[in-house]
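**Student:** Listed below are the residues making up each chain.
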Amino acid sequence: MKTHLLLLLVFSILTSLVLTFIAKNGTRERVRYFLVLLCSFVLLSIVAGWLMYPFPF
Amino acid sequence: METQSIQESSSGFPEAGARTGTVRTAIACVAGWLVPGLGHALLAKWGRAFVFFGSITAMVVIGIQLQGRLFGPDFGDFFSAMKFIAEAGCGLLYWIPWLAGMGTGDPTAYTYDYANVFIYVAGLLNMLVVVDVFDIALGRKP
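Sequences listed follow chains E and W, in order. My numbering applies: residue 1 is where the first sequence begins, and numbers increase by one. My numbering applies: residue 1 is where the second sequence begins, and numbers increase by one.
Extracted from the complex, chain W is given alone in its bound form:
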């Protein structure tokens, strides 16, 4: 019993395996945040990867095309911070257009509010996708 407790972690897995699993999980989660669906692709969940990449990318592109605004990292007031955090959930799909000066937004545009909702929800969905990657990498989900 004593030997077993030294060689194995509290979860019952050998230490080396647990460490490898942790690194794999961390890489998959970060990849999944940077590019929607990439975390699933790394875990060979191709169907989910294509759906997540296609849907979330489409939402961001539609949001920017409809004059939505990409809110910068402004923590001056609560709602600006929340908007930034929601949109930054898209990973590179947020940072690349934002750094390129796209998504300045036009509040007078007919579609401005809709467009912003598209971008917020894309980021929030990608956060859920990262949680899904986490569960799959840990073997909690098929």
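Just chain E, same shape as in the assembly:
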């Protein structure tokens, strides 16, 4: 339970789940919104990590 990627995935899944149930009502809409949010969390975090990689601080 101590790898960055696993923690990122767990965090993204739980947060996306709550936000989805707040924002959407139908099952189909919820599934779609959840997947979009989850992918956005994970991919944008990885992109941000790579963008920050050259910085020494």
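Be aware that one or more of the hints could be misleading.
Claimed, not checked - Estimated spans, in silico, between C-beta atoms of each pair:
hint, chain 1, residue 1, chain 2, residue 2, range
1, E, L51, W, L128, 27 to 35 Å
2, E, L43, W, A58, 42 to 50 Å
3, W, S80, E, P56, 25 to 33 Å
4, E, C39, W, A109, 24 to 32 Å
5, E, T3, W, L138, 39 to 47 Å
6, E, L43, W, A100, 18 to 26 Å
7, E, L43, W, I27, 23 to 31 Å
8, W, M127, E, L51, 16 to 24 Å
9, W, Y112, E, P56, 32 to 40 Å
10, W, D106, E, I13, 21 to 29 Å
11, W, D106, E, M52, 34 to 42 Å
12, W, M127, E, Y53, 41 to 49 Å
13, W, A58, E, A23, 34 to 42 Å
14, W, F78, E, G26, 38 to 46 Å
Stated by the list, open to error - Just a few of them, taken from the derived set where beta-carbon distance is under 8 Å, the chain E residues facing chain W:
hint, residue
15, K2
16, L7
17, V10
18, L14
19, T15
20, V18
21, I22
22, N25
23, F57
Just so you know, these hints were derived from the structure itself, not from any lab. All values derive from a computational prediction rather than experimental measurement. Note that the Cβ used here is the ideal one computed from N, Cα and C, for glycine as well.
On the provided structure of chain E, position chain W as indicated by the hints.
**Tutor:** Same frame as chain E, now just chain W:
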């Protein structure tokens, strides 16, 4: 027209009904803050109640297990106050472990920052959940 304005509130609902609705809304919001999902359960929104309770509880438990810190009510500096307010959004999930002396946090731990983010976000999400309860109780949302 005059009689109608005396018997009804400005929103068009009868006064007694509005008062009952206000009490119901207040109880649901406070319950929702104390225990994530309880406000939705009181409004018979069972699916949302289980998801909110499960997800927010899991985030707090993971945060504490990963050596996160439960910040006490310290209003001495801005950031400490913000951290406390974010975490206290979890309601009893914050107060019970904090009063039990859990969540002391270990800043040298590899997972300390991650753990704190889990707890902050759990509290902030629960605040959004309370707003959702408010909207449902007022009939603004299905």
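**Student:** Each hint needs a verdict: does it hold in this structure or not?
**Tutor:** Going down the list of hints, with the structure as the test:
no. : hint                       : verdict
1   : L51/E x L128/W: 27 to 35 Å : 28 Å, holds
2   : L43/E x A58/W: 42 to 50 Å  : 23 Å, violated
3   : S80/W x P56/E: 25 to 33 Å  : 28 Å, holds
4   : C39/E x A109/W: 24 to 32 Å : 29 Å, holds
5   : T3/E x L138/W: 39 to 47 Å  : 44 Å, holds
6   : L43/E x A100/W: 18 to 26 Å : 39 Å, violated
7   : L43/E x I27/W: 23 to 31 Å  : 41 Å, violated
8   : M127/W x L51/E: 16 to 24 Å : 30 Å, violated
9   : Y112/W x P56/E: 32 to 40 Å : 21 Å, violated
10  : D106/W x I13/E: 21 to 29 Å : 25 Å, holds
11  : D106/W x M52/E: 34 to 42 Å : 25 Å, violated
12  : M127/W x Y53/E: 41 to 49 Å : 33 Å, violated
13  : A58/W x A23/E: 34 to 42 Å  : 20 Å, violated
14  : F78/W x G26/E: 38 to 46 Å  : 42 Å, holds
15  : K2                         : 6 Å, holds
16  : L7                         : 5 Å, holds
17  : V10                        : 7 Å, holds
18  : L14                        : 5 Å, holds
19  : T15                        : 6 Å, holds
20  : V18                        : 5 Å, holds
21  : I22                        : 5 Å, holds
22  : N25                        : 6 Å, holds
23  : F57                        : 15 Å, violated
Checked against the numbered hints above, the structure breaks hints 2, 6, 7, 8, 9, 11, 12, 13 and 23 and satisfies the rest.
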